[in-house]
Amino acid sequence: MPLARRRFDAVIVGAGGAGMRCSLQLARAGLSVAVLSKVFPTRSHTVAAQGGIGASLGNMTEDEWLWHMFDTVKGSDYLGDQDAIEFMCREAPNAVYELEHLGMPFDRNPDGTIYQRPFGGHSANFGEKPVPRACAAADRTGHALLHTLYQCNVAARTQFFVEYMALDLVRDADGDCIGVVALEMETGQTVLLEARVTVLATGGAGRIFAASTNAYINTGDGLGMVARSGLPLQDMEFWQFHPTGVAGAGVLITEGVRGEGGILLNSRGERFMERYAPTLKDLAPRDFVSRSMDQEIKEGRGCGPEHDHVMLKLDHLGAETIMKRLPSIREIAIKFANVDPIREPIPVVPTIHYQMGGIPSNVHGQVVAPLAGTGEAVIGGLYAIGECSCVSVHGANRLGTNSLLDLIVFGRAAGNHIAATLAKGGAHKPVPGDAGDATLGRLAALDARTGGERTQDVANDLRRAMQAHCGVFRTDALLSAGVRKVAEIAERARHVSINDKSRIFNTARVEAIELSNLIEAARATIESALARTESRGAHARDDFPERNDADWIKHSLWFSGERGLEYKPVHLTPLTVDSFAPKKRTF
Amino acid sequence: MTVTSPVAGPVSARSAKTLRFRIYRYDPDRDDKPRMQDLEVALHANDKMLLDALMRIKSDVDDSLSFRRSCREGVCGSDAMNINGRNGLACITNLRELAQPIVLRPLPGLPVVRDLIVDMTDFFNQYHSVKPYLINGTVPPERERLQSPRQREELDGLYECILCACCSTSCPSFWWNPDKFVGPAGLLQAYRFIADSRDEATADRLDNLMDPYRLFRCHTIMNCVDVCPKGLNPTRAIGRIKEMMVRREI
Chain A
0 MPLARRRFDA VIVGAGGAGM RCSLQLARAG LSVAVLSKVF PTRSHTVAAQ GGIGASLGNM
60 TEDEWLWHMF DTVKGSDYLG DQDAIEFMCR EAPNAVYELE HLGMPFDRNP DGTIYQRPFG
120 GHSANFGEKP VPRACAAADR TGHALLHTLY QCNVAARTQF FVEYMALDLV RDADGDCIGV
180 VALEMETGQT VLLEARVTVL ATGGAGRIFA ASTNAYINTG DGLGMVARSG LPLQDMEFWQ
240 FHPTGVAGAG VLITEGVRGE GGILLNSRGE RFMERYAPTL KDLAPRDFVS RSMDQEIKEG
300 RGCGPEHDHV MLKLDHLGAE TIMKRLPSIR EIAIKFANVD PIREPIPVVP TIHYQMGGIP
360 SNVHGQVVAP LAGTGEAVIG GLYAIGECSC VSVHGANRLG TNSLLDLIVF GRAAGNHIAA
420 TLAKGGAHKP VPGDAGDATL GRLAALDART GGERTQDVAN DLRRAMQAHC GVFRTDALLS
480 AGVRKVAEIA ERARHVSIND KSRIFNTARV EAIELSNLIE AARATIESAL ARTESRGAHA
540 RDDFPERNDA DWIKHSLWFS GERGLEYKPV HLTPLTVDSF APKKRTF
Chain B
0 MTVTSPVAGP VSARSAKTLR FRIYRYDPDR DDKPRMQDLE VALHANDKML LDALMRIKSD
60 VDDSLSFRRS CREGVCGSDA MNINGRNGLA CITNLRELAQ PIVLRPLPGL PVVRDLIVDM
120 TDFFNQYHSV KPYLINGTVP PERERLQSPR QREELDGLYE CILCACCSTS CPSFWWNPDK
180 FVGPAGLLQA YRFIADSRDE ATADRLDNLM DPYRLFRCHT IMNCVDVCPK GLNPTRAIGR
240 IKEMMVRREI
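As given, the protein sequences belong to chains A and B, one line each in that order. Residues in the first sequence are numbered consecutively from 0, following numbering that gives the first Met the number 0. Residues in the second sequence are numbered consecutively from 0, following numbering that gives the first Met the number 0.
It is worth saying that the hints were derived from the structure and are not from the lab. A hint or two may mislead.
Straight-line alpha carbon distances no greater than 25 Å define the calculated DMTMM-like cross-link-like pairs of lysine to aspartate or glutamate that follow [said to hold, decoys possible]:
| id | chain 1 | residue 1 | chain 2 | residue 2 |
| --- | --- | --- | --- | --- |
| 1 | A | 423 | A | 8 |
| 2 | B | 130 | B | 96 |
| 3 | A | 500 | B | 59 |
| 4 | B | 32 | A | 183 |
| 5 | A | 323 | B | 153 |
| 6 | A | 500 | B | 31 |
| 7 | A | 334 | B | 37 |
| 8 | A | 484 | A | 436 |
| 9 | B | 16 | A | 305 |
| 10 | B | 47 | A | 460 |
| 11 | A | 323 | B | 152 |
| 12 | A | 500 | B | 198 |
| 13 | B | 179 | B | 152 |
| 14 | B | 47 | A | 183 |
| 15 | A | 297 | A | 8 |
| 16 | B | 47 | A | 8 |
| 17 | B | 16 | B | 61 |
| 18 | B | 229 | A | 259 |
| 19 | A | 334 | B | 118 |
| 20 | A | 500 | B | 155 |
| 21 | B | 16 | B | 37 |
| 22 | B | 47 | A | 475 |
| 23 | A | 323 | B | 26 |
Chain B regions said to be covered by chain A (calculated; three or more residues, Cβ under 8 Å) [as the list claims (entries may be wrong)]:
| id | stretch |
| --- | --- |
| 24 | 22 to 28 |
| 25 | 202 to 211 |
| 26 | 232 to 240 |
Positions of the beta carbon are idealized from the N, C-alpha and C atoms, including for glycine.
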């Protein structure tokens, strides 16, 4: 089929929290915007977020944005860029108030203000004690946020291209992005969407692991597009294992359970986090808690017949609190763990949850890359926001509630920057003559192949390899073997074939295309992990157990081609306040 | 070292369990008309939910079987379908509860795009038509607008809707007039905003529903309440709207 063409001022790929916050900002600027989404917008994975969005409103106890900033910097294990973190934490209260004004149905305190709960790593007065900073809507905060944003986009008459899968970026000879090639899933038609600005908001790639809290759609599509385009992926070695995924199912149980008072127990009924984190205990940051849980299991104190999980106890909160504040996770526990948490604890294990790394971007959301001697050259016409980006506000480990915040703050910031830039005038750049050729070639080759391996056989092998070789505790031996395995799997992936050749809503074709994106994300992850010979945040090496600030306060930049791995410094200087110097992380 | 991997077993550890399915198939690119396909699938040990079986069919038996899915935990609403005659979400329907052969059909009453994928246009148009967004003309305060816990409770049972369409596509009134009757999901959301103390457009919202079809095609059949996977009650919300309509006429 030939390539159809459409033209807009801006194209946003992805209609999750970041994409739809950005589109709202652009709609107000009167620009022509197309928002592409692989799924109907409210199906985006933001909908599954549970616990809350972090902001120092101080509705329950005293709070300050500077404390939030400190917690985030320390939580990032000092790999986060402190200027971006300051920006995010200072903007947070306004971002949350704005959501409320837009209609988001937050839970409320008796005085009518937004309810906030404690959450992992969030403290008052620079680590003194937990502080309630997570602004919540029961344990459905992501659902409330995403539906509110969609509703506002309906009011703003945003133009959505639903069930369009973006395939590749189109860049011209100057290196500027002039649009994307996409597949209209319903008809099989391919289309080139020209845009003065392209915004990637495609989420994470959690589906490179066998066990994850992520949706099936989280296949790192934006990452694949960027990698294939010759641009780097940043800090991909840093993947967050959420402490409480349902054992055996992987479904998320929010940290908010621990915020409301839930505790983790080993096979001896011991609240083991008291040993590992005397101050914050079960509300230590996620990397800390996941490693502690894994340590308990390693040392034989796991629960169940296989001694392979720990228990999350919350019955002591009482039925009323559970029904009011945590109704969704009760349903999840009943459905997926056969357990009613009003009576029994939930079996949980550390489960892959969040990608701290991604497409390198600055505080305006512009994609940056080391080009022509400058460390952070702006790539014209290209932005990245949300989980697919790496600003970096989460560094080596993300605090809970900071992702929903990241989406809103940077979705809005990118929208403002784009509106201001386009308002200065200018026009669409000419489309290169060969635009889309490589993409159409890939699609044609896929359709022509017969007798190849099945997509999911290769994908499942990839997931198993990543789970075994790139887990909570890593070693050189495991990672090296993993790099080799992933390289073999990458080669196999180039030869998969599909039996379904239909043009109409061909999900076998979609899955095969997604596999190529999963491969890039997996390669970036394991190769970056092998190279980082220290432990920091979520990247824990048994063979290099200490953090090495002298050599490693730098961001990894992984290129898909021959360029391999490069590095760039962390922004240690905030915008206006003093820098938080790296210290040993204890809780 | 121990690797904690909740996903049990390598490929060789197959469960002996095989399930029989009859699935509605239709590919407009090749088929003149729909047909029911009989097939069997061997499950793996961890396959508990209907969606797991569907993914297994797609990966191991027939990659052309097309269906929507995403979160696999019952919060996104993608995988609504008609399961043994009853609308539900595949990802939270336990296989143990299903008599075999498991009969899968697309949601009733909406045009079929392919296999179990329906055209949701009418459903979403009706949702959009009730202006499902907060309408408040006053300048907002610097901080949050205040809302008491009691006022906020009014939204419970309303805001949780995931727009899966199980309700509207189980409603005979919606089957007969999907272009004129708003349907249970749309009306539940209409009430969500009527009930929100921060919304100021109640009068307009009620006017917007004042015709023979938009609201009043609801005859309290209550299939919607029966099938809602989130336990919501559109009939009750519709009843409240009807009551408000009556009151303002008196």
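Hint by hint, here is what the structure shows:
At roughly 13 Å between alpha-carbon atoms, residue 423 of chain A and residue 8 of chain A fall within 25 Å of each other, so this suggested pair holds. Restraint check for residue 130 of chain B and residue 96 of chain B: not satisfied, since their Cα atoms lie roughly 38 Å apart, outside the 25 Å limit. Taking the CA atoms of residue 500 of chain A and residue 59 of chain B, the gap is near 17 Å; set against the 25 Å cutoff, the hint holds. Proximity of residue 32 of chain B to residue 183 of chain A is assessed by CA-CA distance (about 23 Å); at most 25 Å being required, the pair is judged to hold.
Annotation: proposed proximity of residue 323 of chain A to residue 153 of chain B holds, straight-line Cα distance about 13 Å (limit 25 Å). Straight-line distance between C-alpha atoms of residue 500 of chain A and residue 31 of chain B comes to about 17 Å, which keeps the hinted pair within the 25 Å bound. Taken as a hint, the residue 334 of chain A and residue 37 of chain B pair is broken in the structure, with Cα atoms around 28 Å apart against an allowance of 25 Å. Pair hint residue 484 of chain A plus residue 436 of chain A does not hold up; C-alpha atoms about 31 Å apart against a cutoff of 25 Å.
Between residue 16 of chain B and residue 305 of chain A the CA atoms are separated by roughly 23 Å; this keeps the pair inside 25 Å, and the hint holds. Distance restraint check for residue 47 of chain B and residue 460 of chain A: the Cα-Cα separation of roughly 21 Å lies within the 25 Å cut-off, and the hinted pair is therefore satisfied. As the CA atoms of residue 323 of chain A and residue 152 of chain B are separated by approximately 10 Å, the hinted pair is consistent with the 25 Å bound. Distance check on the hinted pair: residue 500 of chain A and residue 198 of chain B sit about 50 Å apart at the alpha-carbon level, beyond 25 Å; violated.
This hinted pair does not check out: residue 179 of chain B and residue 152 of chain B have alpha carbons roughly 31 Å apart, beyond 25 Å. Between residue 47 of chain B and residue 183 of chain A the alpha-carbon distance is near 32 Å, which puts this suggested pair outside the 25 Å criterion. At roughly 54 Å between alpha-carbon atoms, residue 297 of chain A and residue 8 of chain A are farther apart than 25 Å, so this suggested pair is violated. For the proposed pair residue 47 of chain B and residue 8 of chain A, the alpha carbon gap of about 46 Å is over 25 Å, so the pair is violated.
A C-alpha spacing of about 18 Å is found between residue 16 of chain B and residue 61 of chain B, which places the hinted pair at or below 25 Å, so the restraint holds. Taking the CA atoms of residue 229 of chain B and residue 259 of chain A, the gap is near 23 Å; set against the 25 Å cutoff, the hint holds. Restraint check: the Cα-Cα separation between residue 334 of chain A and residue 118 of chain B comes to about 29 Å, which exceeds 25 Å; the hinted pair is violated. Only pairs whose Cα atoms come within 25 Å are accepted, and residue 500 of chain A paired with residue 155 of chain B is rejected, the gap being roughly 46 Å.
Between residue 16 of chain B and residue 37 of chain B, the direct Cα distance comes to roughly 17 Å. Compliance with the 25 Å bound is thereby established for this hinted pair. Using a Cα cut-off of 25 Å, the hinted pair residue 47 of chain B and residue 475 of chain A is violated, with the two alpha carbons roughly 36 Å apart. Distance check on the hinted pair: residue 323 of chain A and residue 26 of chain B sit about 45 Å apart at the alpha-carbon level, beyond 25 Å; violated. Counting residues of the stretch 22 to 28 of chain B whose CB lies closer than 8 Å to any CB of chain A gives 3, so the stated coverage by that chain holds, three being the minimum.
Only residues whose beta carbon comes within less than 8 Å of a beta carbon in chain A count, and the stretch 202 to 211 of chain B has 0; fewer than three means the coverage is violated. Counting residues of the stretch 232 to 240 of chain B whose C-beta sits closer than 8 Å to any C-beta of chain A gives 0, which falls short of three, so the coverage hint is violated.
Checked against the numbered hints listed earlier, the structure breaks hints 2, 7, 8, 12, 13, 14, 15, 16, 19, 20, 22, 23, 25 and 26; every other hint is satisfied.
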